[in-house]
Structure formats: C-alpha cells, structure tokens
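If you read the sequences in order, they're chains W and V.
The numbering of the first sequence is my numbering, which starts it at 830 and goes up by one.
The numbering of the second sequence is my numbering, which starts it at 341 and goes up by one.
To be clear, the hints were calculated from the coordinates, so they are not data collected in a lab.
It is possible that some hints are incorrect.
What the hints assert, rightly or not - Cut-off 30 Å, straight-line C-alpha distance, at most; resulting in silico cross-link-like pairs (DSSO-like, lysine-lysine): (1) W:K1125 x W:K1089; (2) W:K1129 x V:K376; (3) W:K1125 x V:K622; (4) V:K568 x W:K1089.
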Amino acid sequence: MQQAGAKILRKASLTGWLSQLIERHEVIAPVAGHAGDILFSRVTSPQEVVANADNPLNPPKQFLLPPTDPIIAIRDIGDGYHIEPIHDHRQRVIFNIRSCDVKGIKFLTSVHVFDLVDTSYVRRAENTILISLACNVPCADGFCICTDSGPFLQDGHDLQLTDLGDRLFVESGSEKGRSLLDTADAFFQPANEEDIAQRLALEKAARGLFGERTCHFASAMRRISGRRVPEALWDEMADWCLECGACTMVCPTCYCFSIKDRRECETWVRCRISDSCQYAAFTLEASGHNPRAERKDRMKRRFFHKVSAEYYRRDEAIGCVGCGRCIRTCLGAADMPTVVAALRRGAWRE
Amino acid sequence: MNRAVGIGGGALIGTDLYVPCIARILSVRDETPDTKTFALRLRDPSEQERFQFRPGQFVELSVFGHGEAPFCIASSPTRPDNLQVTVRRTGQLTDALHTLNAGGEVGLRGPYGNGFDLDAAYGRDLLFIGGGIGLPPLHSLIWNVLDERSRFGDITILYGARSPANLVYRDELKEWAERRDVRLLVTVDQADSAWDGRVGIVTTLFDRTALRPETTLAYVCGPPIMIKFVVQDLFVRGFAEEAVISTLERMMQCGVGKCNHCAIGHRYVCRDGPVFTYRQIKELVE
C-alpha cells in the first residue's frame, strides 16, 4: 500500500468531487441499467453512480477496445481514394472499477505494447484514469486471490478507494493519480494513523473471506504446457461448451478481433471488430480449410492462450484476473475454474 | 523481448498499425482462368521509395468496401518498381479484386512477416518445388536469386499443377527453361490435348533430378497434400529438417501479431512466419 500521501475523502464530499470529474472528463462508472442490471456506462451526474455496486457483467474493456472500433474513414474523392485515420482523444475516468478489471486493463496494455505498439489502444489507455474501489468483501464468484488481482491492489490503479464507512481512503498508484488529486485538493484531507490501520485491517479481513474458493492455475499450466492433457478430456469438456463465445466477450483479458469495412453515408469506415477464438469461422481459410474446425480444438486454444507457460512467459501474467464473469455467463460448464479443476484432475468428473 | 519494427529486413510504411497506403494498379495479367497477377505502385512516391521488403514477406491488401486480406509479394525486391501480387479468386474480397483494372486503387500495408533468409542461402545449391498457386512466394525468391545468380550454386525449379491451364507465369517458365544456369522441370497431373510436357505429380520429378542434399536448401510451397508428400520424399533422399523450408497459410486479419487469428501455440504465422524450416514447423503445437 502507498501510505505516503494517502488521503481521506468524506462521503459527504464525494458528490462534489464526482461533479468536478464529470466536468473535466468523460466519466464511466457502474450504473443501474433498464432492467436493473449493473453496467459500465457514461455518467453525466454523480447521482447515477451506484455506490458499492456488484461488478457489472461486462468488463470496462469496451472503453479501450470498443466492440466496433472505427480505425479509418475511406472516401472516393473522384480522382482516387482518400484515407483518414480516426483517433479517439477523449479524456476518460473509469470510476469504481474493481481490482480485477484494473488488472484486466493492465494485461490488455501489456499485449498491445508487446512487439509492435498498437497506437490506437495506447492512445486510449494514456487518456484513461482508473479510480478503483477495493473489495472489502469478495464477490460471489470472484477468485482474484488466485490470480493476484484483488481484492485490493498493489499496482495498476491510478487511484484506489477503500470504503471506511463514512469516508473513503484514497491512495494513488501513479503519477496520473497523484496529479488528479492535486487538482482536487479541497475535497481531500491527509489520512491519519487510524485510517491507515483500518484500511490495512480491511484488506487482511477481505483476504480471509475467500474460504475454499480456489483455482489452481499452476497445476493446469504444468499439464497444458507439458502436453499432458488427455485428448479424451478435451472431447468431454467440449461437450459442455455451446460455442456462444460469451466467455470471451465478458473476459477482461480477451482481445481477439477482425477488421471489416462498413458503409456509413458516402464513406467506408474500416472497423476493428471484437471476435472470438471460440467461433468456428475464426480460423476458416478462404480455401475452406479450417485448422480448428473441431470445438475441442477451439477450447484447447482458449485455455492455451489463458494459462500456458508459453504465454505466461510472454505476457508475464496468466490471462485470467479471477473476476468470475465466465462462471456467471457460461450456459454450459466451460468456465475457468471448472476447466482448470478438470485439467488438474486429468478427468472431467471426480 | 520486444522486436524492432520491420524485422523481416523491410521497413513498415505508415504510422498507425492498421492504416493502409494507397497503391495504383499498373497492370493486370491473366495467369489462369481464376488467377491474375496485379502490378502495383504506391501512389505516394516517398512511400514507394520506403517500401522495402524481402522475398517471402506479405502485404495486407485492401479492396475498399470489402476489407483486406494477406497476399505474399510475388515480385522480387531486386525489381522494386514492379510490385506484384498473384491472386486466385476464392471469395468475396478476391472476387472484388479481380474486377479491378489498370488505374484502379487498392490499399496496402506492410511488408509483414519474416521472409526467406537469403543470407543462409548464399553459396548453397537451391531447389525450388512449387505446386499450383504455391509458386508466387517462390517466384519472388527465384527472381531475387537469378538477379544475383553468381552468389548461388546450382538452381533447380520443379513445378507441378493440376492441369496445363493451372500453370502460372507461363512466359517466365519459358524464360527459365531457356536459361542455361537454371534447371526447370514442369509437370501436370492431367494433360490436355495441347500438352506435350511431363505428366505426373510433382514428386515424380525427383527421379529425373540429381539432388545433393548435403549442399542444398529446398523451398517448398503449394497445397498441404503436395507439401506432405514432397517433404517425405526429401527426407527419404537425405535432406535435413533445417534444409527444408516452407511457408504456412493461416486465416489472418491484422498481419502484425495482435488479432490472434493465425496463432499456433504462442507463435504467430504473420509475425514469426510465414517462412519456417520444417524443424520449426514440427515444434508448432498447442
């Protein structure tokens, strides 16, 4: 924890601070949707922010990697084509994002700067400030304790808030966070010894609340990278996947995409569109050949990318932040903890 | 861990990863009933100047309104003014490309991929084995080699196609056949009435060729079934796994190792390939 410079925000001052953020940035926060679902959305007034909300079903990756992301506008201007890159320069704050989603964004950033730098992603990431809310109580499906991505953060956030009852404990994790606090000095006061002690006690207590909930990645990694998963097990597990792709849509670390042209008025707009390695057409070649025509091969691919030692060495993290969204979303039984448990056992059922 | 831009010896043109440059079609040549060769030049002269590549690299080519797809560069870097791609009509994008004529415009980004390692080939005997539409990537390398002919040993080209109508680069096949510093053998699976050449699959040509496995690098491109049998025969004749080189095909979108379509394990055909030795191909598993 970054105790030096830690601040306290009285909850009575929260509205004032949020108003200031909304004035200066596009603020994204968990809000109540039409059917009562909690979702990440832009807010235009502090009242829209749902305090202590359940983690939204969709991660906030859509604000860094929009499902349909215009890259260039292509116009036929008579004597030839004209191409104009489309850049998103919006200054965003993602408020009350949870620890797992901060780690998800950290993962996405690492893959987009690895090797060739994806400037369109980096531009958005640089213009986004992450203000996270630590989890005093783990959520129902979360296993962030197994992926080192919660319930409290050591890094990745710009600011981390902890709910101390009538006040919020505020610690900064980056230069961006510190300068944001500097521009809102009036709302904050320095944290005292008692505040710090309470914050540390809450983290310790939260870590103790996970109980038996575990996901043994190390042993799954050994089996996948040691090529020691029986083919029959993949066959069996694939029977519990409906190929809907929802796990990849709600996963904070999934980023596969395709590139397509869309017609908008007199212009072609080339878009980067979210895709899923779980769809059969993902690897379908023009010749008709498909190296991953079988569902089990696509499932194998997903878990190789998530938990293999090869990708772990490349990305310096496994591709899971323990948010538990795939558990809630999967209509079958192809979620991370279920598959990892089966990989570890070497058998689908005990 | 991070690799520099343009690892394949080429320099990427453009700044943003997915923004293409505009290229003009200089000419279109019919190769077979469903295959055409397009000669291209970047509209902006400074971009054309900067567009440097090595044989075996590919470009992402856009037909605006229809998206983009990867195509290997068929021409040689030793002839930079005439950038060529040879494209068979197999889907929506290639259908649209085939309707374009000289003067038409396409998008181009790249070059991408590793390309063939020419340094490793200097001083060696070279054996090129192409099947059908698999000749274009070899075509780039063959012309590069012929333009630096004195730096290589014996050059043998074996080319097979399903029928005489499926042979590409017919004029150049004639030219290679007439050259005394190249040995070219062509065969078709099924002859037609006008065909007076060899008949049989490409592997039958091995029996008409004196191979020197210890000094030769073999470059194999073609349909998977052809590669399978060619590679088996090369090993039987004493070629080492490192001396057999091929290019892999996969569904690709971004061309720069981000979109994950062409991943095999943690390797990316677009970035780590598309050129691999047979030894490397064997290690590509997930």
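Do the hints match the structure? See the list:
A hinted pair counts as satisfied when its Cα atoms are at most 30 Å apart, and K1125 (chain W) with K1089 (chain W) qualifies at roughly 27 Å. The hinted pair formed by K1129 (chain W) and K376 (chain V) fails the criterion: a straight-line CA distance of about 38 Å is larger than 30 Å. Of the supplied pair hints, the one linking K1125 (chain W) and K622 (chain V) holds, its CA atoms being roughly 21 Å apart against a limit of 30 Å. Only pairs whose Cα atoms come within 30 Å are accepted, and K568 (chain V) paired with K1089 (chain W) is rejected, the gap being roughly 34 Å.
Violated hints for the displayed structure, listed by number in ascending order: 2, 4.
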